[in-house]
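Asker: Each chain, written out:
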Amino acid sequence: MRHFLYAAASLAAFATPVAAETIAITGGRVVVGDGSAPIEGGTVVIRDGKIVAAGATVAIPSGARQIDAAGKWVTPGVFAGFSRLGLAEVDAVNGTNDKSGGRSGFSAAIDVAPAIDPFRSPFAVNRSSGVTRAVVAPESADSIFAGQGAIADLGADSNPVTKARAFQFAEFGEEGAASAGGSRAGTHLHFRAMLREAQDYAAGRDTFDDDLLKAEDAKALLSVLRGDTRLLIHVEGANDMLRLMELKREFPAIKMVFVGVSEGWRVARELAKAGIPVIASALNDLPATFEMLGATQSNIGRMKDAGVTVAIGMINDRDSHQLRYTTQYAGNIVSLQYVPGATGLTWDEAFAAISSVPAEIMGVGDRLGSLKAGKAADVVLWDGDPLELSSAATMVIIDGVEQPLGNRQNRLRDRYARPTEGDLPKAYDR
Amino acid sequence: MKSNLRWSILAAPLALAACTNTSEAPQSASAVPVEKLRTFDKNPYPSTYKAYPGVATAIRNVTIFDGEGGRIENGVVFFANGKVSGIGGADVAIPEGTKIIDGTGKFVTPGIIDIHSHLGDYPTPSVEAHSDGNEATSPTTPEVWAEHSVWPQDPGFSRALANGGVTALQVLPGSANLMGGRSVVLKNVYARTVQGMKFPDAPYGMKMACGENPKRVYGSKGRMPSTRMGNIAVNRQTWIKAQEYKKRRDSGKEYTRDIGMETLAGVLDGDISIQNHCYRADEMAIVLDMAKEFGYKVSTFHHAVESYKIADLLRDNGVCSAVWADWWGFKMEAYDAIPENAAILHNTGACVIIHSDDENQIQRLNQEAAKAQADGRRMGFNISDAEVIKWLTYNPAKALGISDKTGSLKAGKMADVVLWNGNPLSVYSRPDKVWVDGALMFDASNTKLRPVSDFELGQPGEGDVK
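Residue numbers (the numbering used here), protein chains in the order written: chain A, -4 to 425; chain B, 578 to 1043.
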């Protein structure tokens, strides 16, 4: 039976998306995702791919397909705050790895959108774990500017990109210095010089001095300089963040978002004052580098307490394959509430940090990230607390379309549930 | 030491010169003059670990997972003089003078054991100067010992203790080499020297590696091995040399010591366990035949992401699989990894161990096990919490040859104990207190019982809750 369902599902994965239905999900514990408390026995209504309503007293439209969610949790899909989803099938197999385009000779102009492949298996695996949207960033190589990232949906269809060129990604700190000649001084010099070149480019090609940027790169950076495109900056150390905040004062139009941010708690008040939101690694607690000496799992809680807008993301942490860790990481941040001296998030805050908050930080909070009316209908049903290790997604809806939950790992599981061969070799068992 | 004991038994009829039970005298009585007798210390870097003082302690009203698959509700565990002295239900009598801890709502397990760690030989900060895990200059380096790379100031030990409840760990050489060298088993207690951390009388292990890493590292240098068949060929040639060495050693004739060959001969003697990095099922099957060919035993396949495909074979050969819950896709030989690996192995009757190979996931082995349990349940394999805890305690202890000393809460064993603030298989639970040999080495409520390595002293975040 399971086999049959999967076969049907995998066909669907390559077909045109099914038209969005009108759906009413009833009787579940509804988590809106905006930090509010769960609603017992709530109803979620979806029409034309959008949330119509979610709450305790919601009318069920006639003709709606009703889904009984009694005993289940109903939440917005997980919005992975930082990833390299769809950019690699096997990280160490170069032909399948599109994370870095640094050797192309371009930098800021690189656009990951066409490289995001929804047929790569991390799409199906993470979809079946309740991840419905992801921030997808390129990796840097020879420039502090890695290129333009996208927001992707994990739907089983051929259109993975929700928003192309949603942000520019840059490396500061140790990684940035390495690509800027070996010093943080070089990073800042490159940053200013490249932005100046972009301005020159805007002023007219005659004055464009292309020492550092090609014309395409300059165009991409101009959008950052004007504040049209967010600038996500990977930065871990307290001093690097302080110095970046100075750059922010120098270039006030730039919409900076810090990523990683292991020492964010050390400069939390300054971050809050500067209005810079962060997409933080949840569980870094080791001095992996000298810019992470102060790393602690209480980082997120302390920043939140200081008034910083904080989402959870996983930079350089199995970020092409294991977006499904997002719920576990959020659960760990909740667990800190029960550790003396530690600072975590409440359950409601933690779920918001993996749904509405990253959407808001990325500038798509008006249409993604929660079950509020008008948002894209990314809805997941879970057989228990979605942050708990024993729970799993039982239904995933993206843009109002119920998704197949099968993946290649399930097929291997089914083939080898009983490892010994039967009447024929395992190669015939499917 | 188990291996020394065995050595002293083997050496006894042959020895003429005075030799301690940490020496061998591998020569015949008649052929070699006494003055030429070669004796050497089998344990030249001995453990100097000493249990720290503890007080007789009893935890009551607590849920106990004993590490061997047993579960006791509303139970009592007590320990004194560094050893578990009693475990049972609420009716167990607690001796007078015992410090009583109320464990209401809490859980007790044996200390968690990570069979695969690089704490100390790939410590944080992960700078080049700290990269001491792979002697990647020859495909076979059985002569290196991981303990000679271990930096006892690795901040990672403290995180593994405080967040992971880890009380013992095997630190291995890396996997660049087919034969990577000896491992060392440590108590997770900071010391000034690695000797001060060494688990007393733990047998040595030897790291071997299948697959992609050795063939890539050496193939890229234009030397053998560059293929999987090359991997096996180099291994077999080396085992033949080891057999010859052992034969010469045992013949009583003069021979020149070779510390690499001593390790391999120790494997052939059964004194040193094989800890074999091996992802793919087909390669594990080849290794099992190679082990039979040369007369050694594989203790555990590590990173055994495809064990589920040959769970019956592994069960029949008595080999453990040390696995992650769900790592996959980072390299070609990890492509067929599935989250149900552990559950299929367990259901088939094979030995399961959850390992980390990671300074972060060593802090969450309990959570990794819980995910593997849940994935099993969804395919219809219901594995109890108590059985799952065995994956983190008794099974790794057994695979390391220390299950007579630790790994379960049995009277007489080391009091390596974790009190969790909830069910350790929940994401919301953390260690509340951790005892090693009955000494309280971590207490979430006492900042003075939060170890800070030399490296972190005077740094931002010193002594912070981590």
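There's no promise every hint is true.
Taking lysine-lysine and the DSS-like style, the derived pairs with C-alpha atoms no more than 27 Å apart in a straight line are [stated by the list, open to error]: (1) B:K660 / B:K982; (2) B:K683 / B:K908; (3) A:K421 / B:K908; (4) B:K824 / A:K94; (5) B:K798 / B:K874; (6) B:K908 / B:K627.
It is worth saying that the hints were derived from the structure and are not from the lab.
Asker: Hints first: check each against the structure and report whether it holds.
Answerer: Here is how each hint holds up against the structure:
no., hint, verdict
1, B:K660 / B:K982, "holds, 9 Å"
2, B:K683 / B:K908, "violated, 40 Å"
3, A:K421 / B:K908, "holds, 23 Å"
4, B:K824 / A:K94, "violated, 53 Å"
5, B:K798 / B:K874, "violated, 31 Å"
6, B:K908 / B:K627, "violated, 42 Å"
Violated hints, listed in ascending order, are 2, 4, 5 and 6; each of the other numbered hints is respected by the structure.
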